[in-house]
Amino acid sequence: MDIVVTNTLSKLDKLKILAEGAKYDVSCVSSGSSRKNTSGGLGDSFSGGICHSFTPDGRCISLLKVLLSNDCVFNCAYCVNRISNDVPRTTFKPEELADIVINFYRRNYIEGLFLSSAVYKNANYTMELLLRTLKLLREEYRFNGYIHVKAIPGASHELIEQAGRYADRMSVNIELPSNDSLKLLAPQKNKETILGPMSFISSMIRENRENMKKGKNAGYFVPAGQSTQLIVGATPDTDVKILKLSEALYRKYSLKRVFYSAYVPVSNHPALPRIDKPPLLREHRLYQADWLLRFYGFRADELLSPDRPNLNDFLDPKCDWALRNLHLFPVEINKCDYETLLRVPGIGLKSARRIVVARKRSSLDFEDIKKLGVVLKRAQYFITCRGKSYCKLKMNDQFIFQNLLLDGRTESTRHSAPAPEYEQLSFLLPARNGYGANELHSGGILVGGFANMIPQAEKFKSITGEL
Amino acid sequence: MMRETTCYLYDGSFEGLLTAIFEAFTCREQSIRIASEKGLQHNLLERYVTVETDLEKAKRVYRSILNKISRNALDNVYRVYLADREEDNAGIIFEYLKFGWKVGARVDSYLSDDRVLRVHKIRQRVDLEVHRMMGFVRFRLLQGGIYYAPIEPDNDILTLLAPHFSKRFADQSWVIHDVGRDRAALYNKKEWIIVDARLEKIPEADDSEQTYQELWKHFYNSVTIKERFNPGLHKRLLPKRYWRYLIEKDGIHGI
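Chains as they are written, first to last, in this note's numbering: chain F, 7 to 473; chain E, -3 to 251.
It should be emphasised that the hints constitute simulated quantities derived from the structure, not laboratory data. Idealized CB from N, CA, C, for every residue including glycine. Please note: incorrect hints may appear among the correct ones.
[To be verified] Cross-link-like lysine to aspartate or glutamate pairs, in silico, DMTMM-like; alpha carbons within 25 Å at most:
| id | chain 1 | residue 1 | chain 2 | residue 2 |
| --- | --- | --- | --- | --- |
| 1 | F | K17 | E | D203 |
| 2 | F | K22 | F | E134 |
| 3 | F | K356 | E | D123 |
[As the list claims (entries may be wrong)] Derived CB-CB ranges, DEER-like:
| id | chain 1 | residue 1 | chain 2 | residue 2 | range |
| --- | --- | --- | --- | --- | --- |
| 4 | F | D343 | E | R240 | 46 to 54 Å |
| 5 | F | P276 | E | K163 | 50 to 58 Å |
| 6 | F | S368 | E | W97 | 15 to 23 Å |
| 7 | E | Q206 | F | K127 | 30 to 38 Å |
| 8 | E | D84 | F | L412 | 32 to 40 Å |
| 9 | F | K383 | E | K231 | 22 to 30 Å |
| 10 | E | L195 | F | N223 | 40 to 48 Å |
| 11 | E | G140 | F | S16 | 22 to 30 Å |
| 12 | E | G140 | F | S205 | 50 to 58 Å |
| 13 | F | R305 | E | G141 | 53 to 61 Å |
[Said to hold, decoys possible] For the chain F half of the interface with chain E, some residues (derived, Cβ under 10 Å), not all of them:
| id | residue |
| --- | --- |
| 14 | A25 |
| 15 | K29 |
| 16 | Y30 |
Modelling step: build the complete structure from the supplied sequences, incorporating the hints.
What follows is the structure, encoded as structure tokens:
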């Protein structure tokens, strides 16, 4: 194939433009693959993933995340690279990009490459360019670092399959949580062009695994699995719709991750909401709920339902669930099984595992479990130790809710998704506007007497994503 | 009269520490402490005994941890030894080992026991720093083709970093220089060694170096989404004490 790429800009200018265009892709994960260095080759993949730096917005930089081209023929309303947007256009030559990757890698700036692209000319043409870059890195440079590559919607199965043999992870972005939203904002994409390649990759991964099990010399195929991303807050889709979708993707296509990206206003398209700030709190809550699905044994319909369609702004999804299910609590730390421990607010994967190990040696009291990393501030209402509860007071859900809210102020987030500061602080702002409390409070707990804790309604309008 | 405590002093090496543990464990005195000669604060109520490092004794302790407790316990001990020396690391290790020799391989399941908990906490801190430094080490290409990276970690972790980088950059010669401790890990495309060294005359940077540093800085600036700016989170994830050698945080200019 003859590839003609205009080359008027310097490498530096291209990198600026093409990194700028890729930054809204959330995933920077480099975990899940343990590609070994081959003799005489360069690099390996560390299965735990490594962050090499962090941006001032608090996101990890692990991979050189760039577009091969931002010269797009599509016109998706929410995207900076849409054809109707007036931005400088450029395309990397595979050789230029490979040179940057190798030199960044050798200096330990990065864990590898995250390569995406606008649809340049057409889907197959773009996919071929991506493939050529991958081949160059793996074969010429004998590069064994991590490579995440986008499958371009609409590209042929052969090209996608070939790319999968060189990549550690592949992803097809769902972009928007429903077909209606796609029609509205991304008219050239539809469910089929997105789910088609996703299902194809997933069946290839499964086939490859089976071949490897049988001892066939199958080679790698997307060893770190596939992921996807969708934009939150650009359309009226509710959290329940989004979580149900994620749950189905995890189950049906064995996706490794679904990433949620708070919509950052990049366009004045009439179908898009006008918001000042991206709905970071909503994104944060979705990640928390997503974690509950993947690691804590929760189902989406335990967390949300059609009559309670959005996650609670004020409480994390696990606290919210526990408050609605007080009849299941308190549980006895020294007796209850691991699965039950995981459902207690304030107990995470690590502390649950530690409890199970430590209680074999001696029975645990509140002091002990605090040492094991349990957050008593949250857990205290839901547990007993040696039959005793932490508080003497008779509690109901309102009492607990109020206390959790007060504590929420000091709780700093350790999650990968940033919790915006305005969220935490606004809990205790004096009432300027109590209006809208019930509508905001989609978690099902009537806040009634706590109206003075409700932040300004407008601030959160954007977060519920209502248009 | 108040009873004096005896304090066994070792030379700061891991073998020295194991020798001191051997002496302290085999003597019958009750109140015994172990400390490194380096950075020792003398105390009038203590009697100091200098322990000569003895490789045979050290090996016996080493094997005894491995056989009577576990490989994981040995790993714990080594990593706590590498932790910064402010605290009473030797004492923490000694208490942990005495308990370990009593209960055997199960020692690490006594998670709420303070003797075990303290060791696990310190190990966690060391492991976190090792993991961070795997990402934060920044090499520069020098004339002559050597990649050089200065670091200033809280803990003495060169021996934990070297295996990772020798696997990853197997085909390039590199130096990781712990500036604060005047030690360096050297790798020559075959094997790595640790040397005590003041590295003062570091060769000039290769001609291509500036270009890639510029590219990297611009990339760093381009991927930031300003609408999501969150300096508090940023500093938690990338503590300021590590910024000095991070090119993208505008560390030392040139070389």
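Structure-based check of each hint:
1. Pair hint K17/F plus D203/E holds up; C-alpha atoms about 17 Å apart against a cutoff of 25 Å.
2. Proposed proximity of K22/F and E134/F is supported: the alpha carbons are some 23 Å apart, at most 25 Å.
3. A distance of roughly 16 Å separates the Cα atoms of K356/F and D123/E; the hinted pair therefore holds under the 25 Å criterion.
4. Taking 46 to 54 Å as the suggested C-beta distance range, the pair D343/F and R240/E conforms, at roughly 48 Å.
5. The hinted window of 50 to 58 Å between P276/F and K163/E holds, with their beta carbons roughly 54 Å apart.
6. Checked against the hint of 15 to 23 Å, the C-beta distance between S368/F and W97/E comes to roughly 19 Å, which is consistent with it.
7. For Q206/E and K127/F, the Cβ-Cβ distance of about 35 Å falls inside the hinted range of 30 to 38 Å, so the restraint holds.
8. With their beta carbons about 38 Å apart, D84/E and L412/F fall inside the hinted range of 32 to 40 Å.
9. Between K383/F and K231/E the C-beta distance comes to about 24 Å, which sits within the given range of 22 to 30 Å.
10. Taking 40 to 48 Å as the suggested C-beta distance range, the pair L195/E and N223/F conforms, at roughly 46 Å.
11. Taking the beta carbon of each, G140/E and S16/F are about 28 Å apart, inside 22 to 30 Å as hinted.
12. Distance hint check: the CB atoms of G140/E and S205/F are about 52 Å apart, consistent with the given range 50 to 58 Å.
13. Our hint of 53 to 61 Å for R305/F and G141/E holds, since their Cβ atoms are close to 57 Å apart.
14. For A25/F, the interface hint holds, the least distance from its beta-carbon to any beta-carbon of chain E being 4 Å, beneath 10 Å.
15. With a least beta-carbon distance of about 4 Å to chain E, the hint placing K29/F at the interface is held under the 10 Å criterion.
16. Proximity of Y30/F to chain E holds as hinted, the smallest CB-CB distance being about 7 Å (cut-off 10 Å).
This entry satisfies every hint, going by the numbered hints stated previously.
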